[in-house]
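Peer 1: Here are the chains, one letter per residue:
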Amino acid sequence: MPFGLLKYGLNSEYPGTHHFNPTTELKKHYDVVIIGAGGHGTGIAYHLAKYHGITNVAVLEKNYLGSGNTARNTAVIRSNYLTEEGVTFYRESVKLWQDLSNEFNYNVMMESRGQLTLAHSDAAIRSFRWRAEVNQHMGVRSELIDRQQIAEMIPNLNMSEDARFPIMAGLWHADGATARHDAVAWGYAKGACKRGVELHQLTEVQDIEVTSGKVTAVKTNRGRIECGCVVQAVAGASSIVAKMAGIPLPIHSYPLQAMVTQPYKPVFTPHVSSPHLHVYTHQTSRGEFVIGGGSDPYPLYNTRATLDQRETLTAAALELFPFLAQARMLRQWAGTTDMTPDYSPIMGLSPVDNYYLDAGWGTWGFKATPICGKTMAELVATGKVPEIIKPFELERFYKYQQINEAGATAASH
Amino acid sequence: MKLLTCPLNGLRNITEFTYGGEYHPMPDHQQASSREWAEHVFFHDNAAGVVIEWWCHSASSYWFLAERNTISDKILRTFPASEIFNQRIDFNPLPELTSTAPSTPPPTATQKGES
Numbered sequence: 478m479p480f481g482l483l484k485y486g487l488n489s490e491y492p493g494t495h496h497f498n499p500t501t502e503l504k505k506h507y508d509v510v511i512i513g514a515g516g517h518g519t520g521i522a523y524h525l526a527k528y529h530g531i532t533n534v535a536v537l538e539k540n541y542l543g544s545g546n547t548a549r550n551t552a553v554i555r556s557n558y559l560t561e562e563g564v565t566f567y568r569e570s571v572k573l574w575q576d577l578s579n580e581f582n583y584n585v586m587m588e589s590r591g592q593l594t595l596a597h598s599d600a601a602i603r604s605f606r607w608r609a610e611v612n613q614h615m616g617v618r619s620e621l622i623d624r625q626q627i628a629e630m631i632p633n634l635n636m637s638e639d640a641r642f643p644i645m646a647g648l649w650h651a652d653g654a655t656a657r658h659d660a661v662a663w664g665y666a667k668g669a670c671k672r673g674v675e676l677h678q679l680t681e682v683q684d685i686e687v688t689s690g691k692v693t694a695v696k697t698n699r700g701r702i703e704c705g706c707v708v709q710a711v712a713g714a715s716s717i718v719a720k721m722a723g724i725p726l727p728i729h730s731y732p733l734q735a736m737v738t739q740p741y742k743p744v745f746t747p748h749v750s751s752p753h754l755h756v757y758t759h760q761t762s763r764g765e766f767v768i769g770g771g772s773d774p775y776p777l778y779n780t781r782a783t784l785d786q787r788e789t790l791t792a793a794a795l796e797l798f799p800f801l802a803q804a805r806m807l808r809q810w811a812g813t814t815d816m817t818p819d820y821s822p823i824m825g826l827s828p829v830d831n832y833y834l835d836a837g838w839g840t841w842g843f844k845a846t847p848i849c850g851k852t853m854a855e856l857v858a859t860g861k862v863p864e865i866i867k868p869f870e871l872e873r874f875y876k877y878q879q880i881n882e883a884g885a886t887a888a889s890h
Numbered sequence: 002m003k004l005l006t007c008p009l010n011g012l013r014n015i016t017e018f019t020y021g022g023e024y025h026p027m028p029d030h031q032q033a034s035s036r037e038w039a040e041h042v043f044f045h046d047n048a049a050g051v052v053i054e055w056w057c058h059s060a061s062s063y064w065f066l067a068e069r070n071t072i073s074d075k076i077l078r079t080f081p082a083s084e085i086f087n088q089r090i091d092f093n094p095l096p097e098l099t100s101t102a103p104s105t106p107p108p109t110a111t112q113k114g115e116s
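Residue numbers (our numbering), protein chains in the order written: chain R, 478 to 890; chain C, 2 to 116.
Just chain C, with the same shape it has in the complex (with noise of 0.2 Å):
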């Protein structure tokens, strides 16, 4: 059986984990054009060899990063995921999607982030 540790749970057989997908930062989310979102949701490196990647313990929900290489799979190293994402992302919308905020002065097409 192949093993995974948890940082959290600590050494378990895989099948009690869910791969989620490869880490890549996310981009601008106030600035990123449609197809700036396309490539980050859909396009992926599918790297062979040393990658980092979205695990999940399935029975305790905990998500976490795993660093594997893709042509032995073997597992060099698991990590939580506060190691990289260590101070809070604001998700706060354009002004001009906050009806709420009349003051704020009206959008130019470059903060459209259309292309």
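So here's chain R without its partners, still in its complex pose (with noise of 0.2 Å):
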């Protein structure tokens, strides 16, 4: 790389190069037509062409690349949850995170931070008793810490006892990161794109033809095109598109809200969350200040961001750290979470032939990009499901064995 950046260098004209393809016809048929171009959606089709050889692959997005949910969640990345299988799925997407730069030679901006979560109570010191013991058990990073640790960690954090809620203790996950999130959609497309996949962008999908139980065409704004199989990797309208395919999905869609300040000098380095307040907030490598909490109190198709939200975040924010009290709001933004009734993805089979899920990913879906691309894409090109991914498939809400990961932001509701 170093030469290839001498001869960009010497170079007069500084010639650029070309990401993606540039917009084509459709074809007739595709071996493979994926979904939504997400980090989801490129990351399978990325996978599919670099370690499976299939590179007969559209990836269809009714926007532009990374317009949904990869643009919209807070980058966060850690695996310090509760279930076995949860804990299993997100540790090895973990250790594809901290390699995923040199994997496509794309700056995606991995920032192994550490993620430090709060326990205003003695339940929640209990709770993270036991995710500490889970964790270390299984291979990641994780650790109680007291109120002295903290404070030597976040000088800035408001210890005081008179809080409205003080902090009794910590969560240390030195695992835990922040990365760019667009860049990984763009590192995965540009990788796929360059072994042939297509990405068509402003296609929507409006129909999914299903011939005897088996996916068989689909049909877009720009025409109709057979295909092999059909994976849907659409964060925030998964029960809409498995709709067309007349799968019904255990979802509900909820908005989540986040926040940005300005950017401010470096203050703390760690992602910082606290389940109790509904609040989370790390420093980017920008300076800003990116706030986010759980998700709003019902279901909406709709990203629009309001005051109620707002007012809640800031004050959630100001008992953390009142100096922020200081700052001033950049923006504000919603994105769409799917929410399954045990807070974990669902992932693999579906009732129709050819036809691959990655749904439900409510607050959890960016941090688990590399594994799906690379699980998912490992499924549509062996037609077996990798053990890793097994217990996320639908069926398990008709045998009443959910995984309930409590580890899950959003689970503190």
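Just so you know, these hints were derived from the structure itself, not from any lab. Don't take every hint at face value.
Said to hold, decoys possible - Restricting the straight-line Cα-Cα distance to at most 20 Å, the calculated cross-link-like pairs of lysine to aspartate or glutamate (EDC-like) are:
id : chain 1 : residue 1 : chain 2 : residue 2
1  : R       : Lys720    : C       : Asp46
2  : R       : Lys696    : R       : Glu675
3  : R       : Lys720    : C       : Glu40
4  : C       : Lys3      : R       : Asp785
5  : C       : Lys3      : R       : Glu788
6  : R       : Lys876    : C       : Glu37
7  : C       : Lys75     : R       : Asp785
Reconstruct the complex from the two isolated chains, following the hints.
Peer 2: Quick look at the structure:
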């Protein structure tokens, strides 16, 4: 790479490189059609092309590349979950994250800054102790830390015992990280397109044809495409797209709002989360404080921002970091979280043959991006469900074998 | 502030209310298979458009129904549950589950509702 950079620097024209294929006419047939060009969809395409040699693939996107929840999440990566299935899955994802920039030679600005979750009650301490034990047993770095350690780690945190909910302890997760979310979709899409995958933006799937229990074609606003199989990776619209294929899903779609301040000089490094106050924040490498919380109180297919939520988030953030009272808010936005009853994703086979689900990504989709790309591609290529995602099958709800992921961000509700 | 009209308490701030899930008819509690119960309990329409859903006024614990557009967030109508539930539902158990009724005939396989 250094030589490439040198060559580029000495070139008088500074030639630009095209990341993605120019828009072409849709072909009549693709082996694989992926609905949704976010991190997940492009990640699946990338793995199919690079590791399985399947390149007759179209990634269809209603809007533009990475315009959905890939661009709306708060870019938190962690694996300190509570269930065995969840921890194993997210642990493998974090490992892939750590090498992702090298993997596709595109800087995703992965920053292993660590994550601190705060306990404001005895019950929370008990559950953190449980989580730390489960995590350590499974090779994830988590430990319970006391007030003094917290104060040393983040001097600006309000450690007063007179606070409404004083901080009693913390769960320190050294593997916690953040990354630049847009770059993930770009890196995957670039690597996929280079190997022959077609990215089709502004291409909306309007109907899915199922013939005798098997998916055969998709209808888009740009015409009909026959296909060998379909993968849906449309967080925020999972129910709507699955319904086109006649598949009911156990999902309710709630908005999740977040906001960001103007940039300030570096104050603290870790990501700090308080499930009790329903708020979490970290300072980005650009200096902005990103502040997020729980999902909205009722379902909605709309990404509007509300004053109610801004007040709630601000009040909670100020309780932890009083100095933020001086900060100016830059913007507030929402994404749509497809919440499942057990706070775990829905991945794998569906009742329709050759139709694969990558859905139910609630508040845990971004951190799972690389492992989804890898495992879903393996499923499409081999037809066999990888062990690591088997527990997340849709069928679990019919068997009453849910995976109660109490370590999910929204599970504090 | 977003407002919601409670059929009992009138126009109130929406933060006084709790969302209670989609309204959908209950399956026959004596005949439904475990698969049908799973669909009833876990699976949702999650429709984009006008839906009917349960809401509760938290302060008075009053449950009612609302028609709401899940794209525009416009609440079109709220009404008491008695509009739909206008007669008593008896949750009688299956005869074979009633130990005090020895005269009932033995259950058939289909009555158990297992599939």
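Peer 1: Does each hint fit the structure? Answer for all of them.
Peer 2: Do the hints match the structure? See the list:
{"no.": "1", "hint": "R/Lys720 <-> C/Asp46", "in the structure": "holds, 9 Å"}
{"no.": "2", "hint": "R/Lys696 <-> R/Glu675", "in the structure": "holds, 17 Å"}
{"no.": "3", "hint": "R/Lys720 <-> C/Glu40", "in the structure": "holds, 15 Å"}
{"no.": "4", "hint": "C/Lys3 <-> R/Asp785", "in the structure": "holds, 9 Å"}
{"no.": "5", "hint": "C/Lys3 <-> R/Glu788", "in the structure": "holds, 14 Å"}
{"no.": "6", "hint": "R/Lys876 <-> C/Glu37", "in the structure": "holds, 11 Å"}
{"no.": "7", "hint": "C/Lys75 <-> R/Asp785", "in the structure": "holds, 17 Å"}
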